[in-house]
Amino acid sequence: AVRRWTTKRNKVDIFEQDLVVFPVHLGSHWCLGVINMQLKRFEYYDSLAGRNKQCIDIMKEYLKCEYNDKKGGKEFDFNGWTVFYDAKTPQQLNGVDCGVFACKIADYITRGKRPTFSQQDISYFRRRMMWEVLKGKFYK
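Under my numbering, residues 562 to 701 are what the sequence shown spells out, in order.
It is possible that some hints are incorrect.
Here are the simulated BS3-like pairs of lysine-lysine, each with C-alpha atoms no more than 27 angstroms apart in a straight line [what the hints assert, rightly or not]:
#1 Lys698 / Lys614
#2 Lys698 / Lys572
#3 Lys631 / Lys649
#4 Lys649 / Lys601
#5 Lys649 / Lys635
#6 Lys614 / Lys572
#7 Lys649 / Lys632
#8 Lys614 / Lys631
#9 Lys635 / Lys674
#10 Lys621 / Lys631
#11 Lys614 / Lys601
#12 Lys631 / Lys674
#13 Lys601 / Lys674
#14 Lys572 / Lys649
Pairwise CB distance ranges (calculated) [as the list claims (entries may be wrong)]:
#15 Gly611 / Tyr669: 28 to 36 angstroms
#16 Ser679 / Phe637: 16 to 24 angstroms
#17 Gly588 / Glu622: 14 to 22 angstroms
#18 Arg688 / Phe637: 27 to 35 angstroms
No lab work stands behind these hints: they were computed from the structure.
Ideal Cβ placement from N, Cα and C applies to all residues, glycine included.
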């Protein structure tokens with residue numbers, strides 16, 4: 562269903578990217594999936610310490626199909642690829658902040674930083690995110 566996002570018209574080649582980041586909605590909880598092209602690994606970050614093999618399998622299948630589609634029917638070589646669940650992923654202490662956690666984890670990861678925040682930072686992050694969206698200016 563997402564194949565059209567990377568058409569030649571859109572000029573997106575995920576294989577030229579360092580990271581491909583996927584927000585993952587599990588019905589009532591948000592997590593984050595990452596295809597880390599540089600480290601050759603599938604990463605999963607969950608602020609409730611979950612491990613989601615199905616999400617990893619879907620990212621693998623997406624990568625396989627995208628490669629086949631964009632590289633003229635060739636098979637993707639998964640040799641050397643690993644799966645990474647970060648045991649140090651910041652953990653939420655309630656049932657409502659998963660979306661902010663997922664967004665901030667993505668923010669840290671895409672900046673090449675390890676997520677080191679905690680539940681105590683979420684109120685500030687929520688306000689900061691609202692300000693950034695309203696002003697159209699994102700912190701760099």
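* Enumerate the violated hints, using their earlier numbering and listing them in ascending order. => 1, 3, 5, 6, 7, 9, 12, 14, 15, 16 and 18
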